[in-house]
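Student: I would like the entire structure built from these sequences, with the hints used as guidance.
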Amino acid sequence: MKLLSSRRHVASAQILAEAAIGLSLMTFAWILIAYSLYLANYKLRTEMAARYAAWYQANSGTAATGAQLDQYFFPQSGLSSVTNLSPILIGQVIESEMPTNAGNYDSGDGSEPYRSQVSFGVTSLDNSANPFPFNLLSSNVKVPMMPSSTLSTFSVNSTCQWDDDGDCWTNASQAISGVWNTLINDLGSFFSGS
Amino acid sequence: MKKNSQDDFKLAGQMETLRSDEQGSLTLLAGIMVFLVTIFAIFAFDTNKAIYDRMVAQNAVDSAADSAALWQARFCNVEQQLNNLHYTVDEAMCIAEGVSAVMCAVAIPLEVIKDVPFCEWAYGVWVAACVLCDFLPAEDEAQHVFYDALIGKSASVQEDLADAAPFLAFANADACAYGSGANNIFDSAVQTVEEYVTDGVSLIPGTDASSMTSTFNSINSVVGSTLGNIPIYAFPLNPQNLQLYVNPTNNNELPEYWPSAVPMAGDVAGEAGCAEEGYAEVEDAAHNNSEGDERQNDDNFHPQWGWNDQYEYGNPGYLTWIAGVTNSPEILGLGNLIWLNDEQSIVPNSMYWGSATTNSPVPLSIPSYIAIASAQVEGTTVVCNGDVNAAPALIPVLIPEGTTNFTRGSSIPFPFTIYH
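Line by line, the protein sequences give chains A and B.
First residue of the first sequence: 1, per the numbering used here; consecutive thereafter.
First residue of the second sequence: 1001, per the numbering used here; consecutive thereafter.
I should point out that these hints are in silico values taken from the structure, not numbers from a laboratory.
A virtual CB, placed ideally from N, CA and C, is assigned to each residue, including glycine.
Watch out, some of these pointers could steer you wrong.
Residues of chain A clear of chain B, computed beta-carbon distances all greater than 12 Å [claimed, not checked]:
no.: 1; residue: G61
no.: 2; residue: T65
no.: 3; residue: F74
Derived lysine to any residue pairs resembling SDA-like cross-links, with alpha carbons at most 25 Å apart [what the hints assert, rightly or not]:
no.: 4; chain 1: B; residue 1: K1049; chain 2: A; residue 2: L79
no.: 5; chain 1: A; residue 1: K43; chain 2: B; residue 2: P1329
no.: 6; chain 1: A; residue 1: K43; chain 2: A; residue 2: S86
no.: 7; chain 1: B; residue 1: K1153; chain 2: B; residue 2: K1114
no.: 8; chain 1: B; residue 1: K1153; chain 2: B; residue 2: Q1310
no.: 9; chain 1: A; residue 1: K43; chain 2: B; residue 2: Q1310
no.: 10; chain 1: A; residue 1: K43; chain 2: B; residue 2: I1039
Tutor: Rendered as structure tokens:
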């Protein structure tokens, strides 16, 4: 009887140990996959949002805000941001060169295309204050084999360029400045290749 | 024998123990579950990537089509503004030349009256009339010079702008496609056609599917030899429509038509009434400017009076563009797991393309996508005097040479797809 009781305890412990291993393995895989699919889904949304942001700025003259994009594309607010990048001009096409700049770009003359990059996700530690279901930063959960610093860059982004539809050169001053800027910027970049 | 029976019994007992032993079963079950979930996750990731590539291709081609139409619209607006300026100058010149011709006519009696006693007042009026009359040849000539500079000669402002518009429309459309993430259109087009050809699908009814690749390659080489090494990220299916299709057209109404009889009559009157004021020298000087000394010395030289101008008329047609994204490795190297696929695993134009068993023609990958979009300039057509309101607009896809509008979900007889 004593022997049977001892064997039952051993089996229970075995089951508990296996359950712990199996469930943690499944949980780990589930978190990784769910989080990755979550970001993959939002990657698609950033592409739609980037087109909208570039189109909106090209047609209205004002940059789209993160709140606007949240309203249309991101059910979860406060985690998207819009950045104006340097537009691709003819020179960059010839050189197959993609200009990179981290900050907001301001063309100044307003006749260039708009190139918008929309990002979604935890892009900085400041964003940890936002409600985020997978906010591993504030919950102090560490993913095994992964440094915590990696989590702060978990974001997705997309970029789209739209020409300045709001500037059709419908008056003389727009036309003169437009032709001049074309000569200086577009054709200038063509010959300089930059 | 007895020993054998005991061994058999012992072995059967061990087998029974092994069969009834559930140790490790939960871990095994969890492992299987994780594996299955991971496999489905990989499919989900790849599907996501394929959808993303389609969206990038469609956004890029939409952006390119809109940009090309925008640049055409801009140049249409510039042409219209120059037409309007031309029209306004013509109106002003009509009035000015009319006044000068009348003053020339008035100068004839004044020239006689000014010498009559007690009519000294007429001298001042005659001089004033002749001053205005003297402007007649200069005004007429100025209109010709202005006309030549705008549109009258092959190297004129409006003709040069119309010639430059197609190149800027193409280049800026190309830049927008590149800035929106498109890949080289010929790479993605050739890949897409190969994907179709591999499956033996005839892209266009009545044509040989396998010839499409060589067709695209020959187009690529022609474009490459024409444009050099400029990479093309978006390409119009109807490149001839990059032209503005605005052409100099005759006009036969005032003020663009100014009957030569009016200034010629003024000229005769000026020579009669203002000869003493040096009208002939003014006339020679004015016409010398544009006609040149050689023609001036020609015995048959006659100043050209009046005008019958031409203005740019017309509007561009629609443009249909394609842009694409080349194939890309599927996530997590699924193509390396050859046991997932059998020899018949090439599936063109689906989520996967390529072979997981032979790596030929390409390893299993997410296929290339090319998208299509049409755009046109909307607003008032370019006329001699009209509204400046041309603007770009994306329109339902129109296949060149075709008559059918294609919207989302339409069956297009090309390997092009409207993705949204």
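Student: It remains to establish, for every hint, whether it holds in the given structure.
Tutor: Hint check:
no.	hint	in the structure
1	G61	holds, 14 Å
2	T65	holds, 20 Å
3	F74	holds, 16 Å
4	B:K1049 <-> A:L79	holds, 22 Å
5	A:K43 <-> B:P1329	holds, 17 Å
6	A:K43 <-> A:S86	holds, 21 Å
7	B:K1153 <-> B:K1114	violated, 46 Å
8	B:K1153 <-> B:Q1310	holds, 11 Å
9	A:K43 <-> B:Q1310	violated, 55 Å
10	A:K43 <-> B:I1039	holds, 20 Å
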